[in-house]
Amino acid sequence: MTFKQHTSFSALLSSLLFLIFQSWGLSIACLVSGIFIDLDYGIDYIRQYGLPLTVQKFLHAYRNDTLHKVRLFHGWEWLVFWLFVSWLTDWNPWVVGVLIGFGQHIFLDTINMGESFLSYSLIWRWKNKVKPLNQKDCPDDENKKAEKICSS
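According to numbering that gives the first Met the number 0, the residues represented by the sequence shown are 0 to 151, in order.
Simulated from the structure, these hints should not be mistaken for lab results.
C-beta atoms are modelled at their ideal positions from N, C-alpha and C, and glycine is treated no differently.
The reader is advised that the hints may include incorrect statements.
[Claimed, not checked] Label-pair ranges, simulated between beta-carbon atoms:
1. T88 x I110: 23 to 31 Å
2. L58 x D89: 37 to 45 Å
3. W23 x Q47: 35 to 43 Å
Using the sequences and the hints given, assemble the complete structure.
In C-alpha cells:
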C-alpha cells in the first residue's frame, strides 16, 4: 500500500478507536505506528546506499523499485512481541495502540500486495535465506516464491 493509503486507513481506524474507547493514547499510538512502521525502508536505504539519507534520493529509490527491501518491522513476530508487552503493561492503551497499528499495517500490506502470509514472517524469511531483492529482479511466472521475491 502507499503511504497515503496507510495514512488514510490508520487515521480512520484511530478515529474509530477513539470514538469507542475515548482514549487519546490508544488512538495516537495506533495512528503513528500504523504509518511509521514503514521507517524500516529508511534502514534498508542506509544499508544499501549509506549516508546521507536524503528524502529526494530515498523517494527516487523507493518509487523506481531499486531499493532492496529487508523490511525489518514488517513481521508477524512483532505482533507477538507487542501482544506480550501489552499483557506485561496491563494493557496500557499506548502499547495496545502500537499493537493494533502494527497489526493493521501488516495485514493490509499482506492482502493488498498479494503476498503470502509467510512472506511477512521474519523467521520464515531468515530460514529460507530470502534475499532482499526488489520486485524487478524476480521471475514473472505463476510459480514464484512468496513475497514476489527470489530466494537464494
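Hint check results:
For T88 and I110, the hinted distance range of 23 to 31 Å is satisfied, since their beta carbons lie about 29 Å from each other. For the hinted restraint 37 to 45 Å between L58 and D89, the CB-CB distance of approximately 41 Å keeps it satisfied. Restraint check, W23 to Q47: a C-beta distance of roughly 37 Å satisfies the suggested window 35 to 43 Å.
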